[in-house]
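Chains as they are written, first to last, in UniProt numbering: chain A, 1 to 73; chain B, 1 to 561.
The reader is advised that the hints may include incorrect statements.
To give a feel for the contact side, a few chain A residues facing chain B, derived at Cβ under 8 angstroms [said to hold, decoys possible]:
{"hint": "1", "residue": "Leu12"}
{"hint": "2", "residue": "Gln17"}
{"hint": "3", "residue": "Trp22"}
{"hint": "4", "residue": "Leu27"}
{"hint": "5", "residue": "Ile32"}
{"hint": "6", "residue": "His39"}
{"hint": "7", "residue": "Ala46"}
{"hint": "8", "residue": "Ala54"}
{"hint": "9", "residue": "Thr56"}
These are computed hints drawn from the structure, not numbers from a lab. Predicted model only: the values in this text are computed from it and were never measured. Think of the CB as a built atom: it goes at the ideal place given N, C-alpha and C, for glycine as much as any other residue.
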Amino acid sequence: MKKVVWGLVLLLVVLHQDVWNWDNDRLVLGFIPLTLAYHASISIAASAVWLLAATTAWPTNLEDDADATEAGQ
Amino acid sequence: MTPGMIKVTIIGVYLGLLLCLGVFSSRLFRGTSKDYLLASHSIGPFLLLMSLFGTTMTGFALVGSTGEAFAEGVGVYGMLASSSGIIHSLCFFVLGVKLWSWGKKYGYTTQAGFFRDRLDSDKIGLVLFPILVGLVVPYLLVGVISAGKAIEGATRGDFPALTENGAIPPWLTELVICVVVLVYVFFGGMRGTAWANTFQTIVFMVLGVVAFYLIATGLAERAVEDGRAHMMVDGKRVVRTEPPTGLWDSFNIVSQEIPKARRVRAEVTAEDQIESVEAPAQFRTREGLDPWMFFTYMLIPFSVGMFPHLFQHWLTAKSGSAFKLPVVAHPIFILIVWVPCVLIGVWATSGLINIPPPIANDPNKVLGFMVKSLSGDVLGGFLLAGILAAIMSSLDSQFLCIGTMFTTDIVVHYSGKDKFSDKQIITISRLFIIAVVAVTYALSLTDIAQTRVFQLGIWCFSGFSSLFPLVLLAVYWRGLSKWGAYAGVITAAVVWFALFRASEFGAIDNWSVDFTLGGREIHTMPVATMFFASFAATVVVSLMTPKPSQATLAKFFPEAK
Chain A
1 MKKVVWGLVL LLVVLHQDVW NWDNDRLVLG FIPLTLAYHA SISIAASAVW LLAATTAWPT
61 NLEDDADATE AGQ
Chain B
1 MTPGMIKVTI IGVYLGLLLC LGVFSSRLFR GTSKDYLLAS HSIGPFLLLM SLFGTTMTGF
61 ALVGSTGEAF AEGVGVYGML ASSSGIIHSL CFFVLGVKLW SWGKKYGYTT QAGFFRDRLD
121 SDKIGLVLFP ILVGLVVPYL LVGVISAGKA IEGATRGDFP ALTENGAIPP WLTELVICVV
181 VLVYVFFGGM RGTAWANTFQ TIVFMVLGVV AFYLIATGLA ERAVEDGRAH MMVDGKRVVR
241 TEPPTGLWDS FNIVSQEIPK ARRVRAEVTA EDQIESVEAP AQFRTREGLD PWMFFTYMLI
301 PFSVGMFPHL FQHWLTAKSG SAFKLPVVAH PIFILIVWVP CVLIGVWATS GLINIPPPIA
361 NDPNKVLGFM VKSLSGDVLG GFLLAGILAA IMSSLDSQFL CIGTMFTTDI VVHYSGKDKF
421 SDKQIITISR LFIIAVVAVT YALSLTDIAQ TRVFQLGIWC FSGFSSLFPL VLLAVYWRGL
481 SKWGAYAGVI TAAVVWFALF RASEFGAIDN WSVDFTLGGR EIHTMPVATM FFASFAATVV
541 VSLMTPKPSQ ATLAKFFPEA K
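The whole structure should be built from the sequences, with the hints applied where relevant.
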């Protein structure tokens, strides 16, 4: 699953370079400039990707490790 | 009560509440330096989210983004906000959790402590300390200057007896917020800071959305009343006379004007201006922006990986899983704060509102001016409190981290752990914080304060970003040597200074490093040169020099035993 998460992060980075929207001045929903709406969507997509990371690729061993050492101090 | 007094009273009550919160949190203080500096690793997911977000969102995010959108257009969201949603959470996920676990295991309080241990090098702390402090001070300045400018813009004409333009002078606002932040950091330490950050983050997010609503509806109503709004009828543009019918309709009215008249209405009649005056198309596109410049902007959010105040916040976490909420919610929180600010900035470029030259020439004042022009005195006071909340929620962590670094990395490290009692350590930390606040305040009174907040912020973040390769390699690469680290840090500092100087210390807006590739001139952000130079120096020198001891490597990379 980690590979999927990293793949999605890379995809977000690529989608972020939206040269195809560069000179598009259309308004989405009648008020948000397209370039702003597109990048707001990237923020929402980023949150979704990080949700996937938190639920499927979270490093649990670090927590046990830190607790064990502190208990032993 | 005069309009100015209403605003000042509301802001005064808000600052008083903040002081009460700081004093109250000091009652929970356990009396140890670990509690003062790290809240005894007791911060849960919600407080961690709010303190991390509140700390990363500064005057730069509110005042700077509105001003930059006013000056450069909507592209500013893509340049920094959406990339930050990806990169900030990446840094929390990849670095934050790992550094938290090592911090809890080995008792680190600052970055220098970690690097000393990880690299088997005492001197790396001496190299890092002045560079990190030198970069935090401009960051502090960004916050202090933003507060002064925002309040000045928002109170223009309210106090005719006080100053020439009738506004609260920046030096007074800056002094007041420095003192307020100082008091609650002084008494509350990290716990007070985390609580104050949470309170202030809620305040500025809620009031930000309220401000957005008021500005959108107020601007639309005024535009229709003044005959400045238009609508399309049978493919033709005609002046609109019907008042706005709600929030959505108001959005439509104001956003349609973005690429139109820009502060030149004096030259044309109200009806003519809609048809005859065009603003540069960039205001709702990225026309004129080099794609390479946009691409290299993406390196700037990596600064989060090396912010000393964020490192300290990471260490306050109660558990590793407390990071999950900040990692997931951070991009959405950025959206909630930045989209309204960017829209307000570009609406201010349209022909719907008259931005006077003193405001137009200093984009830092645009947000304050819009708030003043389009909300009542009571709401205006609340909204100004919200702007100050965003600014102060970063200043507190930065003040505290600088005090912590001085105490831990210099005083305690070089005098020995047993030389000072816990109480003395806290006192030294507090005294150094007072000194830093005094220096920051003094700098805010100089010419540096005239620099555009956004530009100053970009240079400051670029410096931290150029140190990102060091922390990434320290966490994930066994091959990193202390000589490689020295090379990386010194390269970052030298290249940063050389480029900053070439940009006339930030005075040249949008300064870029230019290359010619295949006959085409490419413009890149200075951060790219610094970042890759530092990365290359760290890796190349590390490959050629001895690694840390096996014991050290085994401590950080147990699988390598």
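Cross-check of the supplied hints:
1. Leu12: holds, 5 angstroms
2. Gln17: Hint holds; A/Gln17 Cβ to chain B Cβ min 6 angstroms, cut 8 angstroms.
3. Trp22: This interface hint holds because 5 angstroms falls under the 8 angstroms limit.
4. Leu27: For A/Leu27, the interface hint holds, since the closest Cβ of chain B sits about 6 angstroms away, which is under 8 angstroms.
5. Ile32: Where the cut-off is 8 angstroms and the nearest Cβ of chain B is about 7 angstroms from A/Ile32, the hint holds.
6. His39: holds, 4 angstroms
7. Ala46: holds, 4 angstroms
8. Ala54: OK, holds: A/Ala54 within 8 angstroms of chain B, min 4 angstroms.
9. Thr56: The hint is violated - A/Thr56 has no Cβ within 8 angstroms of chain B, the shortest such distance being about 12 angstroms.
The structure fails hint 9 only (numbered hints given earlier).
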